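Asker: The chain contents come next:
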Amino acid sequence: MIQIQDCVAELPQRLAPLREEFLANLVMLGQIPSPTGEEQGRVRYILDRFLEAGLPEAGEDEAGNAVGTVTGETRQRTILMVAHLDTIVPSNIDHNVQVQTDRILGPGISDNSLGAAVLSMMPACLSRLGIRLNSDLRLLGTVNSLHRGNHAGLKFHLDHAPESVDVGICVEGVQLGRLNYFSIGTIRGDIACDVRPDSSRSYGSESAVAVLNRVINRFLNLEIPQRPFTRINIGKLRAGVAYDIVPDHAELGFEVISHSDDMITRLQRQIEEIVAEVSARHSVDAALDCFFRREAGGIPFSHPLVKAVIEVMQTLGIEPDQGHSPSELSEFIARGIPAVTLGLTSGEKNLKKPDHVMIEPLMTGIAQLIGTLLAIDAGVCDDDAPA
Amino acid sequence: MNRDQWLDERTFHHSQFWDLKQLVEVKQQKGLTISLCLPSLNEEATIGKEIIILKSELLDKYPLLDEIAVIDSGSTDQTREIAAKFGADVYRAEEHLTECGNHRGKGENLWKALHLLKGDIIVYVDSDINNIHPRFVYGLVAPLIHDENVHYVKAFYDRPLAFSQGLRPTGGGRVTEILVRPLFSLFYPDLTAIIQPLSGEYAGRRSILEQIPFPVGYGVETAMLIDIYEKMGLDAFAQTDLDTRVHRNQETIDLGRMAFGILRTFFNRLSRQERMHFEEELPRIMRQHVASDGQFDLKEHLIEEFERPPILEVQAYRERFHK
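Protein chains in written order, with the working numbering: chain A, 1 to 387; chain B, 1 to 323.
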């Protein structure tokens, strides 16, 4: 790592002349709406950037992901760098991006326009810095990552790519210092509740909202242990069309997270029972759809990849913030591929107003990404590397 | 070249010039220099974005531009600070050519830009464009780089798309369609071939821009067209479709004042050409109604539409560019 450390320390300065180019990419890409399932504009943009940088292999895979490979000198391993291209922002929202002296603001700019913009610039950036990796660097802008997309783009790629992946890096816009190398177990589900027609009711009738309220009360009575850490989040509730109409349809969205997959399995079974019972008792058709499941797990703190990233961060003066990741990291982990999620700069993710990302720390964040690449390329994650 | 021929041969789409590498090679072969002028007044919401994108793509990566300058009319927001932070040369219009006095307006900034910037070609792009893209520059300068007979290129943004009843009418904004196009049809029919005569983006050769007067206010776009047409005819022009342009929409009442300024510019030229004669000097006051508390008041706006002479007549300019 010693030679790499020297190189990493110089990276922010060497990257400085590229700052405007990174920011320009962020602005242009950030103004392309990209809700889940409608990422084609950003896919096209990224592929144009890859082609412009002269990548011999750049195109869409069958799932619609943007894929480009910077071919390594010896091709002794494959590093997959991933940024999800979808955002939570609907396309009918104004995607105007604003540049201020210290920050860039725009809907979805932190999650994950910045990650996608940096991914798109990676070939040109390495070329401009004169960095030739021995490893193949595969760059992947993924589609269908969020919500019900359930990481479909990355899953497809990992399961069908012709060459296996040795190490993964997930790139997220914020926060600089973020270092995730394990995932918390998660299920996400929707419960749709429809009141049956009068003719099929054995007794009385209730509004769909009232029935879902019973479901929520039952959730709140579930025994949730403090260890292993476990939590049920009720995140979405939707029902009703007018003040004077009793709703006959209601929807509830929830998430169960836990450090234990067994606990998640147990809670999922209990939720299924609650829904079935409420459905029978209250003359409604209640349907449970657990559309997302992520296993708990990750690589240990002692893994050379984690150690290498921390060393890179320390060289650059970045304070590591370790924790679990809700990102696509889990797909690597589920396949036994060592991987980390890294953030690029400081900023804020908002639901009710445009996000922002800070300009000043960004080049340090990109230096961290390149430093991590250099460390992996030097073999820190190889089986025979000293732990 | 008649109007139909011109429309056919001199109307481009920006996508024809997408190959920036090749465009820069031709520019360099011809030894041309190109300056971008962004006139500004309180444009902090958009100026940073414009500079970042245009500098990164057209100066750093593909050196199509030789300089990017913001000519500011005295912004009271962060416009100048943001522009300087992202690498533009920033000038306060009032601090330059002080011997010529100071007038406030976009035309003043465009005129002073001829003195402050060094390019053989000057491209002017408004600072309030939300969907800024390099095409706003390369689409305008490319016809000038490729064809020495083209001296001035105008942007337009609307495309004649097919819809259910054939082709939909296309054209400019409200002031263009209800004022400028009728006036052109009456007095300068050739200029009706220009789809958006009032668009805020255009590029010209220094050699012609230095020879024409610049109204400092609303009439600058109209005046440029008429004056270049008078000197060189329709053959000197080209126009480029830049697709969509997203910017602040103006209130109709503001457009009324714009129309007043344009009319004064028009009448000045018709008088100069002895095609129209006025017994008295035209008034400079535009009156508009303002309603408040059930009362209608007449509000007076002074719209001078002062014109700067051709900058070639300014000694400091001649010393700099024509020693």
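Honestly, the hints are just simulated from the structure, not real lab data. On a predicted model such as this, the values are computed, not experimentally measured, just so you know. Keep in mind that the hints are not guaranteed to be accurate.
Unchecked claim - Lysine to aspartate or glutamate pairs mimicking DMTMM-like chemistry, simulated, CA-CA at most 25 Å apart:
#1 B:Lys61 / A:Glu52
#2 B:Lys61 / A:Asp190
#3 B:Lys21 / A:Asp48
#4 A:Lys155 / A:Asp48
#5 B:Lys61 / A:Asp102
#6 B:Lys21 / A:Glu295
#7 A:Lys353 / B:Glu319
#8 A:Lys307 / A:Asp248
#9 B:Lys231 / B:Asp297
#10 B:Lys323 / B:Asp128
#11 B:Lys85 / A:Asp102
#12 A:Lys155 / A:Glu206
#13 B:Lys299 / B:Glu274
#14 B:Lys61 / A:Glu360
#15 A:Lys353 / B:Glu274
#16 B:Lys21 / A:Glu57
#17 B:Lys118 / B:Glu319
#18 B:Lys61 / A:Asp48
#19 B:Lys85 / A:Asp382
#20 B:Lys61 / A:Glu10
#21 B:Lys85 / A:Glu348
#22 A:Lys236 / A:Glu206
#23 B:Lys85 / A:Glu10
#24 A:Lys307 / A:Glu295
Unchecked claim - Derived, one-sided and incomplete: chain A residues facing chain B with beta-carbon distance under 10 Å:
#25 Leu26
#26 Met28
#27 Ser91
#28 Asn92
#29 Asp94
#30 Leu222
#31 Glu223
#32 Pro225
#33 Arg293
#34 Glu295
Ideal Cβ positions, reconstructed from N, Cα and C, are used throughout, including at glycine.
Asker: The structure should be examined with respect to each hint, and the outcome stated for every one.
Answerer: Verification of the hints:
| no. | hint | in the structure |
| --- | --- | --- |
| 1 | B:Lys61 / A:Glu52 | holds (11 Å) |
| 2 | B:Lys61 / A:Asp190 | violated (48 Å) |
| 3 | B:Lys21 / A:Asp48 | holds (14 Å) |
| 4 | A:Lys155 / A:Asp48 | holds (24 Å) |
| 5 | B:Lys61 / A:Asp102 | holds (23 Å) |
| 6 | B:Lys21 / A:Glu295 | violated (49 Å) |
| 7 | A:Lys353 / B:Glu319 | violated (53 Å) |
| 8 | A:Lys307 / A:Asp248 | violated (55 Å) |
| 9 | B:Lys231 / B:Asp297 | violated (44 Å) |
| 10 | B:Lys323 / B:Asp128 | violated (36 Å) |
| 11 | B:Lys85 / A:Asp102 | holds (9 Å) |
| 12 | A:Lys155 / A:Glu206 | violated (42 Å) |
| 13 | B:Lys299 / B:Glu274 | violated (33 Å) |
| 14 | B:Lys61 / A:Glu360 | holds (21 Å) |
| 15 | A:Lys353 / B:Glu274 | violated (58 Å) |
| 16 | B:Lys21 / A:Glu57 | holds (21 Å) |
| 17 | B:Lys118 / B:Glu319 | holds (13 Å) |
| 18 | B:Lys61 / A:Asp48 | holds (15 Å) |
| 19 | B:Lys85 / A:Asp382 | violated (44 Å) |
| 20 | B:Lys61 / A:Glu10 | holds (22 Å) |
| 21 | B:Lys85 / A:Glu348 | holds (22 Å) |
| 22 | A:Lys236 / A:Glu206 | holds (21 Å) |
| 23 | B:Lys85 / A:Glu10 | holds (23 Å) |
| 24 | A:Lys307 / A:Glu295 | holds (23 Å) |
| 25 | Leu26 | holds (9 Å) |
| 26 | Met28 | holds (6 Å) |
| 27 | Ser91 | violated (15 Å) |
| 28 | Asn92 | violated (15 Å) |
| 29 | Asp94 | holds (8 Å) |
| 30 | Leu222 | violated (49 Å) |
| 31 | Glu223 | violated (53 Å) |
| 32 | Pro225 | violated (50 Å) |
| 33 | Arg293 | violated (40 Å) |
| 34 | Glu295 | violated (42 Å) |
Comparing the model with each numbered hint stated earlier shows that hints 2, 6, 7, 8, 9, 10, 12, 13, 15, 19, 27, 28, 30, 31, 32, 33 and 34 do not hold.
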